[in-house]
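Engineer: Here's the letter readout for the chains.
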Amino acid sequence: DGGITQSPKYLFRKEGQNVTLSCEQNLNHDAMYWYRQDPGQGLRLIYYSQIVNDFQKGDIAEGYSVSREKKESFPLTVTSAQKNPTAFYLCASSRGWSNEQFFGPGTRLTVL
Amino acid sequence: AQSVAQPEDQVNVAEGNPLTVKCTYSVSGNPYLFWYVQYPNRGLQFLLKYITGDNLVKGSYGFEAEFNKSQTSFHLKKPSALVSDSALYFCAVRDNSGAGSYQLTFGKGTKLSVIP
Numbered sequence: 819d820g821g822i823t824q825s826p827k828y829l830f831r832k833e834g835q836n837v838t839l840s841c842e843q844n845l846n847h848d849a850m851y852w853y854r855q856d857p858g859q860g861l862r863l864i865y866y867s868q869i870v871n872d873f874q875k876g877d878i879a880e881g882y883s884v885s886r887e888k889k890e891s892f893p894l895t896v897t898s899a900q901k902n903p904t905a906f907y908l909c910a911s912s913r914g915w916s917n918e919q920f921f922g923p924g925t926r927l928t929v930l
Numbered sequence: 025a026q027s028v029a030q031p032e033d034q035v036n037v038a039e040g041n042p043l044t045v046k047c048t049y050s051v052s053g054n055p056y057l058f059w060y061v062q063y064p065n066r067g068l069q070f071l072l073k074y075i076t077g078d079n080l081v082k083g084s085y086g087f088e089a090e091f092n093k094s095q096t097s098f099h100l101k102k103p104s105a106l107v108s109d110s111a112l113y114f115c116a117v118r119d120n121s122g123a124g125s126y127q128l129t130f131g132k133g134t135k136l137s138v139i140p
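Chain order of the listed sequences is A and B.
If you're matching positions, the first sequence starts at 819 in the working numbering and goes up one per residue.
If you're matching positions, the second sequence starts at 25 in the working numbering and goes up one per residue.
Hints listed in this document are in silico derivations from the structure and should not be mistaken for laboratory results.
Be careful, since some hints might not be right.
As the list claims (entries may be wrong) - Lysine to aspartate or glutamate pairs mimicking EDC-like chemistry, simulated, CA-CA at most 16 Å apart:
1. B:Lys101 with B:Glu90
2. B:Lys73 with A:Glu918
3. A:Lys901 with A:Glu880
4. B:Lys82 with A:Glu918
5. A:Lys901 with A:Glu842
6. B:Lys135 with A:Asp856
7. A:Lys889 with A:Asp848
8. B:Lys46 with B:Glu88
9. B:Lys132 with A:Asp856
10. A:Lys827 with A:Glu842
11. B:Lys132 with A:Asp877
12. B:Lys73 with B:Asp119
13. A:Lys901 with A:Glu833
14. B:Lys132 with B:Glu32
15. B:Lys73 with B:Glu90
Could you build the full structure based on these sequences and the hints that come with them?
Structural biologist: Have a look at this one:
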């Protein structure tokens, strides 16, 4: 998990509320990613960013939004439009497109 | 499109025995292949990767993987399993034909249980 921090570790949200998950890296990586992990489904890509002020939708972007104003930071907002937000969310970064990704410790979001 | 399959949801092996976790892939160009391990309620940790070159790749914690282009496989192996190897293992692939494509496709994971 070294070099990438995610906060909080656990997050509880009421239905209808937006919530923002934090991801910070000090690895000087250009690329950052957000994944969602559900039991038995592996990891699914939500959004990714190759450089500052640029990001692209992944496979399951609906109901999520991101920003990339700084190289070190890539926050994810889970909006009220996301119909089933309860999941484990993982942030990652990489030096380039052929390089391995380094993962943060994850945030477990529960909607009450 | 790129895809990866891990045909076994769970693998059980006795401590000290060799272990294999299987992975097959599909890409239109040449593959970049990765193995990651995840312990409960933690992020993924990188184990090893194949980009080009020698088909046998050695990685962290004594793990290795063999790239087989004809069988489109990249199985993870270890000669002697430890109880501490018990975890969830993910194979991932990226098609290198799309330069600048950052998307990595993960398998659904294989739970490895090493029995004392």
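Engineer: Run every hint past the structure and note whether it holds.
Structural biologist: Structure-based check of all given hints:
no. : hint                   : result
1   : B:Lys101 with B:Glu90  : holds, 8 Å
2   : B:Lys73 with A:Glu918  : holds, 7 Å
3   : A:Lys901 with A:Glu880 : holds, 9 Å
4   : B:Lys82 with A:Glu918  : holds, 15 Å
5   : A:Lys901 with A:Glu842 : violated, 26 Å
6   : B:Lys135 with A:Asp856 : holds, 14 Å
7   : A:Lys889 with A:Asp848 : holds, 7 Å
8   : B:Lys46 with B:Glu88   : holds, 12 Å
9   : B:Lys132 with A:Asp856 : holds, 10 Å
10  : A:Lys827 with A:Glu842 : holds, 13 Å
11  : B:Lys132 with A:Asp877 : holds, 15 Å
12  : B:Lys73 with B:Asp119  : holds, 13 Å
13  : A:Lys901 with A:Glu833 : holds, 9 Å
14  : B:Lys132 with B:Glu32  : holds, 10 Å
15  : B:Lys73 with B:Glu90   : holds, 10 Å
Of the numbered hints listed earlier, the single one contradicted by the structure is hint 5.
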